[in-house]
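Enquirer: As a plain string of letters, each chain reads:
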Amino acid sequence: MKSGSKLEKILSAGHFAFTGELGPPRGANLEAIQKKAEPLKGVVDSVNITDNQTAVVRMSSWGASLLAIQQGLEPNYQMVCRDRNRLAMQADVLGAYALGIRNILCLSGDHQQFGDHPQCKGVFDIDSMQLIQAVKGMRDGKFINGQEVDEPPRMFIGAAANPFAEPFEWRVYRLAKKINAGADFIQTQCIYNMEKMREWVKRARDMGLTEKVYILAGITPMKSLGMARYMKSKVPGMDVPDEVINRLKGVEKKKQGKEGIAMACEQIQEFKEMKGISGIHLMAIEWEHRVPEIAEQAGMLPRPEV
Amino acid sequence: MIVAKRKPFEEIKELIEGYKKVLVVGCGTCVAVCLAGGEKEVGILADELRLSQKSEKEPAEFGEATVQRQCDREFLSELDDIVPQYEALLSMACGAGIQFLAERFPDTPVFPAVNTTFIGVNQDVGWYEERCKACGNCVLGMTAGICPVTMCAKSLLNGPCGGTNGSSCEVDPNQPCAWHMIYERLARQGRLDKIIEICPANDWRNQKPQTLIQPGYEERYESEK
Ligand code: SF4
Ligand code: SF4
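So the sequences go chain by chain: S and X.
Per the working numbering: the first sequence = residues 1 to 306.
Per the working numbering: the second sequence = residues 1001 to 1225.
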């Protein structure tokens, strides 16, 4: 075991993993975390705690990760390169590990221009690839500068992948780069374009990459037609095919949420069968309370005990 | 070249408020080429300032002078006899030129009339684009001559990020994604192997003021160090 996290145990035992997401509140609001955490207990193996998501100030991801642990959830601590330099990032990894955090997801982060402090200076001292490398290096006992770590933080290291963004041909090589940098698992961007996803997974399989890393397919159920349209036109790197829009258009407004969940469940079914996919990462944005129902309907329950 | 943009007129007026004799100092190199602070722009700004003083009881006076390069002592020396006749200097050079002017005349207040914006290229008349952030550790050899530090909004050395919008950057549909361009150009040259390897964390060498002495000149400046 690299870290001994529950997520690592589930994946290494060959179970189909199921992770969720919890966005920290825009305030020191403990209750908000409790409320979001409640429905996820026993339903997901680990929960991603986002780091100033969409460049909007929120409770720190390590702070919220600790609160998640108190709530009985295993956090997957997200860290972006936008807000900290290498000193702060390495320091935070040490602190997080010492306090019981075992999974980390290394990301570049959305550009600050999209957030609530667009005037700020983006740090980007290192990029996500270099962050993966840094956390792997620390686990192996060395900081970025080559100096020794006194008691290495044994993190299970995650990275993101966007199978859809251009240049498509390069995406699988970029996945290979992340694996070489030290990624143990991958969580993908929200998937709507299944055809492209199948092709990306096939290419990853052909290159032997799915043998080297656990890939969790990213799923975000559409709550409404409006959300689908927004995702299609406004969210960077999102690929929403017209079929998805049309299918939601075909049902009356009140039933669109239900249809969105049905679509997500169909995707999950397909991923369960797909060679090279090791689990699902469900990003039910501001829909945490519906996660048990989605998990049930998708046949993800009960979760295995490890 | 270094590209600059004139400050808003109101801001300039506020900066020099109260001074009765001001010399507007232009620079004949980069800022002249990018139409921000050459001889012509000095003339225009001085005229505008004079016009704005018309209704004053005691209008301020504005002189004009443009040197070939404000970042060079040899040219600044041309101003030695003129500057003492003025209460303040309003420089239209880049930030480096303005500072060198202020250093040469430490008894006279110096104000900037332009905002220095970037190191860039001339796309067409009046149209400039940033190309280099002077990071001090050039990676253009790896990236097919396209600067990821400057042209990628996140300065990624292992791009592209997951936000690319077709071939555009996630921050602006009108801004091409630097890493998309790097990929295309390397593919065209059959050199994609350049970006298969992980590029390690950069050694940012522009984090403190720097001095550069070219090889061969070390001895000459030994005594000054
Ligand atoms: S890599 Fe550095 S020196 Fe080279 S063009 Fe970019 S910013 Fe300038
Ligand atoms: S879209 Fe391209 S240029 Fe923009 S931040 Fe991402 S990699 Fe950089």
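Do not take every clue at face value.
Said to hold, decoys possible - Just a few of them, taken from the derived set where beta-carbon distance is under 7 Å, the chain S residues facing chain X:
(1) Q119
(2) V123
(3) F124
(4) D127
(5) E166
(6) P167
(7) K177
(8) A181
(9) P236
Unchecked claim - DSS-like mimics (lysine-lysine), calculated; alpha carbons at most 30 Å apart, straight line:
(10) S:K212 with S:K136
(11) X:K1194 with S:K136
(12) X:K1208 with S:K142
(13) S:K121 with X:K1054
(14) S:K212 with X:K1208
Hint data in this document are derived by calculation from the structure and do not stem from the laboratory.
In this text, a Cβ means the ideal position worked out from N, Cα and C, and glycines have one as well.
Enquirer: Taking 30 Å as the top limit, are the C-alpha atoms of X:K1208 and S:K142 close enough?
Expert: Distance of about 27 Å is within 30 Å: holds.
Enquirer: Go through the hint on S:P167 and say holds or violated, using the shortest Cβ distance to chain X against 7 Å.
Expert: Where the cut-off is 7 Å and the nearest Cβ of chain X is about 5 Å from S:P167, the hint holds.
Enquirer: Does S:K212 pair with S:K136 here, judged by a C-alpha cut-off of 30 Å?
Expert: Distance of about 15 Å is within 30 Å: holds.
Enquirer: Is the hinted pair S:K212 and X:K1208 satisfied, with a Cα-Cα distance of at most 30 Å?
Expert: Violated. S:K212 to X:K1208 sits at ~42 Å, over the 30 Å cutoff.
Enquirer: Please check whether S:A181 passes as an interface residue: C-beta within 7 Å of a C-beta belonging to chain X.
Expert: At about 5 Å, which falls below the 7 Å cut-off, the nearest Cβ of chain X leaves the hint on S:A181 intact, so it holds.
Enquirer: Next item in the hint list is S:D127. Is there a CB on chain X closer than 7 Å to its CB?
Expert: Because about 4 Å separates S:D127 from the closest Cβ in chain X, which is inside the 7 Å limit, the hint holds.
Enquirer: Keeping to a limit of 30 Å between CA atoms, is the pair of X:K1194 and S:K136 held or broken?
Expert: Distance ~23 Å between X:K1194 and S:K136 Cα, so the pair holds.
Enquirer: Hey, does the S:K177 contact hint survive, CB to chain X under 7 Å?
Expert: holds, 6 Å
Enquirer: Report holds or violated for the interface hint on S:P236, using the least CB-CB distance to chain X and a cut-off of 7 Å.
Expert: This interface hint holds because 4 Å falls under the 7 Å limit.
Enquirer: Is the interface hint for S:Q119 satisfied, with its Cβ closer than 7 Å to some Cβ of chain X?
Expert: Given a least distance of 14 Å, the restraint on S:Q119 is violated.
Enquirer: Per the CB criterion, is S:F124 less than 7 Å away from chain X?
Expert: Constraint on S:F124 satisfied, holds at 5 Å.
Enquirer: Can S:V123 be said to touch chain X, with a Cβ gap under 7 Å?
Expert: Since the shortest Cβ distance to chain X is 9 Å, the answer is violated.
Hints 1, 2, 13 and 14 from the list above are not met by this structure, while the remaining hints are.
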